[in-house]
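There are 2 protein chains.
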Amino acid sequence: MKNAIVGQSGGPTPVINASLAGVFQAAKQHGIDIVYGMNHGVMGLLKDDLVDIGQFLDSDLKIELLRRTPSSFLGSCRYKLKPYTEDDTEYKIIFENLEKHEIGYFFYIGGNDSMDTIAKLASYGAYVHSPIRFIGVPKTIDNDLAITDHCPGYGSAAKYVATVMKEIGRDAACYGTKVVTVVEVMGRNAGWLTAASALARRDDFEGTDLIALPEIPFDLDRFVDKVAELQAKKPAVLVAVSEGIKVADGRYVCELGSSSHASDAFGHKALTGTASYLCSVLQERLGGRGRPIELSVLQRCAGHLTSRTDIEEAEMVGGAAVLAAIAGKTGKTVVLRRISDNPYQVTTDLATCDELANYEKKVPLDWINEDNTDMTQAFLDYATPLIQGELAPFYVNGLPYHLGSFKE
Amino acid sequence: MKNAIVGQSGGPTPVINASLAGVFQAAKQHGIDIVYGMNHGVMGLLKDDLVDIGQFLDSDLKIELLRRTPSSFLGSCRYKLKPYTEDDTEYKIIFENLEKHEIGYFFYIGGNDSMDTIAKLASYGAYVHSPIRFIGVPKTIDNDLAITDHCPGYGSAAKYVATVMKEIGRDAACYGTKVVTVVEVMGRNAGWLTAASALARRDDFEGTDLIALPEIPFDLDRFVDKVAELQAKKPAVLVAVSEGIKVADGRYVCELGSSSHASDAFGHKALTGTASYLCSVLQERLGGRGRPIELSVLQRCAGHLTSRTDIEEAEMVGGAAVLAAIAGKTGKTVVLRRISDNPYQVTTDLATCDELANYEKKVPLDWINEDNTDMTQAFLDYATPLIQGELAPFYVNGLPYHLGSFKE
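So the sequence lines, in the order shown, correspond to chains A and B.
Offset between the first sequence (1-based) and my numbering: plus 1381.
Offset between the second sequence (1-based) and my numbering: plus 1381.
Warning: the hint list may mix true and false statements.
Within a straight-line C-alpha distance of at most 20 Å, the following computed SDA-like cross-link-like pairs (lysine to any residue) qualify [as the list claims (entries may be wrong)]:
hint, chain 1, residue 1, chain 2, residue 2
1, B, K1428, A, R1459
2, A, K1614, B, K1461
3, A, K1559, B, K1473
4, A, K1428, B, K1473
5, B, K1428, B, M1382
6, B, K1614, B, K1428
7, B, K1559, A, K1614
8, B, K1428, A, P1616
9, B, K1461, A, R1459
10, A, K1559, B, K1428
The calculated label-pair distances, taken between Cβ atoms and stated as ranges, are [what the hints assert, rightly or not]:
hint, chain 1, residue 1, chain 2, residue 2, range
11, A, E1480, B, G1770, 41 to 47 Å
12, A, V1509, B, V1777, 51 to 57 Å
13, B, L1442, A, A1629, 23 to 29 Å
14, B, H1411, A, D1584, 29 to 35 Å
15, A, A1708, B, L1442, 14 to 20 Å
16, B, S1440, A, Q1410, 23 to 29 Å
17, A, A1773, B, E1480, 54 to 60 Å
18, B, V1628, A, E1477, 37 to 43 Å
19, B, E1480, A, D1606, 46 to 52 Å
20, A, V1605, B, E1477, 39 to 45 Å
21, B, R1666, A, D1606, 51 to 57 Å
Quick caveat, the hints were computed from the structure, so don't treat them as lab data.
A quick note: this is a predicted structure, and the numbers were derived from the prediction, not measured.
C-beta: ideal position from N, C-alpha, C; glycine also.
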C-alpha cells in the first residue's frame, strides 16, 4: 500500500491536531505504512522537508497528547499556488517529491485557502494522470467554509468566546459604575465567532448587550445611540464586535481610527483596533469609561478551554478523509452534515474542493435580529450543540502539557 | 453572639469569592447567626445597602458554586476613607450602621488599599471604644502585599499567565516566520504577575524569551538589541512585559507612545498600550512583524482556569479571619506563612493592617537574572507551588455556571 502525507495550513486552531490524530490513526488502521507530515504545509513539501509522523506518535499517550495540544503540530503556512496553467514549476516539484516518497494519499487540513491548494493539486494530478488522491480536512475557527454545516475549530473558539464574555461581563459589572466594554472578536468578513458571544446569555448572566457582525454595514451613530440607550438601563454595557466590521462606504471601522494596515500573502489586511476606536468614540460622545478588549490569538489557541464535541468531530473528519482517499476519491473535502439539532446528530460527507475554495460563508441574515444587535434563536439552536462537553488538557506540575513540535 | 459583615474591595480575582465562602462557612460554624454582605464594599455600608448572605448561600451546592465563581459576588469598590482625625462624618455613619445590625465582626477582602480601610476603621473603633473587631482578608492578583508569603488571587492569575504564554508561544511559532510577540501583563509597580511568565518554560516549551518587570528601569535600546539577538537564533520571539514598566526618567513606557491617561480614585493612572508601543518600535528598528497582546482583565477574571491551591488558600484565609475576630483580634489581617517549598506547606498568621496598607511589595531584585531578562530558580521555587492543581468550573450546557450577583 502506498504511503500517506498530511499537512496543516492557515491559522491554528485548538483542535487542528485532533484532525491530524484522526488522519494518522485511520491511516494506520487501514494499513498505510508511513504517514509523512509536511513541515509548514506545502512550503515544506516543496522543499522535501518531511517527517515520519509515526516516530513522534509512538504511544497511545502521545496520540492522546496530540489531541489535546493546540496550534499546528506540523507547523503551518499561508502559501498560494499559482494555477498550473500559468506556471507548473512548483507542481512538478511537488509531484516529484510525492512520487519519491511513494505517496498515494495526500491530506491537507485547512480553511478555504487550503481548499484552493487541494483543488489545484487534484486538478494538476488529473492532468498528469497521477494516481495520488487529494483530500481536504476542514478546519477554521472562522466557520466560514461553504457546504459543511460547521467547521472543526469553530466549536472550541465559540466556547472560548462565550465563556470569556461571561467572565469579562462579571468583571466589568463588579464596581456598579458606568463602563462600556467593547470586545473585539476575530472574523474579517463572516461574523460567526462574534455571534458566539450571544451564547453567553444564560439564566446566570444577562448576556452580551450588543453584537455587531461584518454581515451588516456598521452605522456608528446608531451604535452610539444604542449604547446610550442600554446604559440608561444598566451601568456596565457589554459589546462584542467583529474585527472586520465596515461602515457603509466599505472602509473597515478599524481604519477610521488609524492609518496603515499590512496585508498577508493572500492580500488579507491585518485588522486590529476596532474596539479601541469604538471606545474612543464612545468616550468622546457619551463620556464615561470605555474599555476595549481584543481577544487576540487566544480565541484560536486556547487549548485549555476546548469543546469536546469539537475535538471529537475534528478527529472524525480526519478519519473520514482517509476512508475517502482509500475509496479513490480526490479533489474532495470532508464536510459535516447535521442530521438534527436536538438530539444533536452529525455525520460526514464529501464535497468538491472547488465549491469551498476561496469562498467565505456568511452568517445568514435571518439569524441576526431585526435590530441588528443580537442573534436569533435559530443561531442559538445551531451553535449551542457545538460547544458541549469539555476535554481538559493534561496538567503537569500546574500547567497544560503539550506534544512538543517535532523540531524541538 | 453578634452578627458579622463582610465586603469585597478593589480589583476582582478568580478566587475572591472563595474567601467569601471561607468567611461565611467559618462564621456559621462558629455560631454567628447572620452574615451580612456589603453591596460594593464600604460604599454599600455607608448607604446601609446590605444583604443577608445566608439567603443566597442556602445550600452546599451554592457555596460550592460561589467558590468557583470569579469576580466579586458582593460587588466591589475603590473607595478611600479620609483619616477620621480630618473628617469623621463617614466613620459615624459606618459605625451607626454596624451597630444597627448588631455587627460584632467586620471582614474586608482586598489588597493594600483595602488594608488601609481596615486600619482606619479599627483605629476609629479603638478611639470610640467600639467592641467591633476588624479583620482583613488578603486578595490581589498583583501579589504586592507585604508580610504575607503570597496573596490569594496570585496563584490563579500566575497559572493563567503561564498557561497562555505557552499557548500564545505555540501559536506564534507555527508559521516558522519572524515575529516578535509582546504580551502585556498587569502590574503597575510590582512585576509578580509578569514574572509568572517564566513558569511557562518546561520540557515541552522553550519558554518566554524576554521578561521586563517594573522593578528594573526599562532601557529601550537594550531591549531592541536583545530582541535582535534572540531573533538571530529563533524566528518567533516571545516577550512578557509589565504594563507598568518605566524608563530611567520615570515615565511609563506606555506614555512614550500616546498622550493622555486617566487616573482612578486612588490616583492610579490607567496603564495600557505598553506592548503596542514596543511592537511599533521593534517594527521600526528591526523590521519584521510585532504582535502586541494585552492579557487585559482575563488574567484576573478567568474563573475557567484557576489554581486549586489558590482557591483552597483563599478559603482558608477567610476562615482564619473569622477565628481571629472571634478571638478578639482587630486591625489585623490574615497572612500566609510558608513553612517549606518542597513539600509545599503553608499556614496562616496575623499581621497589623498598618504594616500592609498602601505599601507595595516588589519582586526581590536577586530573583531577577543578571541580564534583567528572566527570573532565577529562586522565583520558580517560590511560584511553582502556587499554581498547582485545578478546580474546573461547573460546566452547564457547555459554559461555566456562576452564582449570579444577588441583585439579579
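Worksheet item: Is K1559 of chain A within 20 Å of K1428 of chain B, Cα to Cα?
Response: At roughly 19 Å apart (the allowed maximum being 20 Å), K1428 of chain B and K1559 of chain A satisfy the hint.
Practice prompt. For the pair we were handed, K1428 of chain B and M1382 of chain B, check the Cα-Cα distance against 20 Å.
Written response: Violated - the C-alpha atoms of M1382 of chain B and K1428 of chain B are around 25 Å apart, more than 20 Å.
Worksheet item: Holds or violated: 54 to 60 Å for the Cβ distance of A1773 of chain A and E1480 of chain B?
Response: Since the Cβ atoms of A1773 of chain A and E1480 of chain B sit about 49 Å apart, the hinted range of 54 to 60 Å is violated.
Worksheet item: Does the Cβ-Cβ separation between S1440 of chain B and Q1410 of chain A fall within 23 to 29 Å?
Response: violated (48 Å)
Fill in: Distance restraint hint 29 to 35 Å, applied to the beta-carbon atoms of H1411 of chain B and D1584 of chain A
holds (34 Å)
Worksheet entry | Whether the CB-CB distance between L1442 of chain B and A1629 of chain A falls inside 23 to 29 Å | Roughly 50 Å apart at Cβ, these two residues miss the hinted range, so it is violated.
Fill in: Proposed proximity, K1473 of chain B with K1428 of chain A (alpha carbon, max 20 Å)
violated (79 Å)
Worksheet item: Does the structure keep K1614 of chain A and K1461 of chain B at a Cα separation of 20 Å or less?
Response: violated (28 Å)
Practice prompt. Could you see if the CB distance from V1605 of chain A to E1477 of chain B stays within 39 to 45 Å?
Written response: holds (43 Å)
Worksheet item: K1461 of chain B and R1459 of chain A: Cα distance at most 20 Å?
Response: violated (53 Å)
Discussion item. Taking the Cβ atom of A1708 of chain A and the Cβ atom of L1442 of chain B, is their distance within the range 14 to 20 Å?
Written reply: violated (51 Å)
Item to complete: Just tell me: holds or violated, for the beta carbon distance of V1509 of chain A and V1777 of chain B against 51 to 57 Å?
Response: holds (55 Å)
In terms of the numbered hints stated before, the structure departs from hints 1, 2, 3, 4, 5, 6, 7, 9, 11, 13, 15, 16, 17, 18 and 21, listed from lowest to highest.
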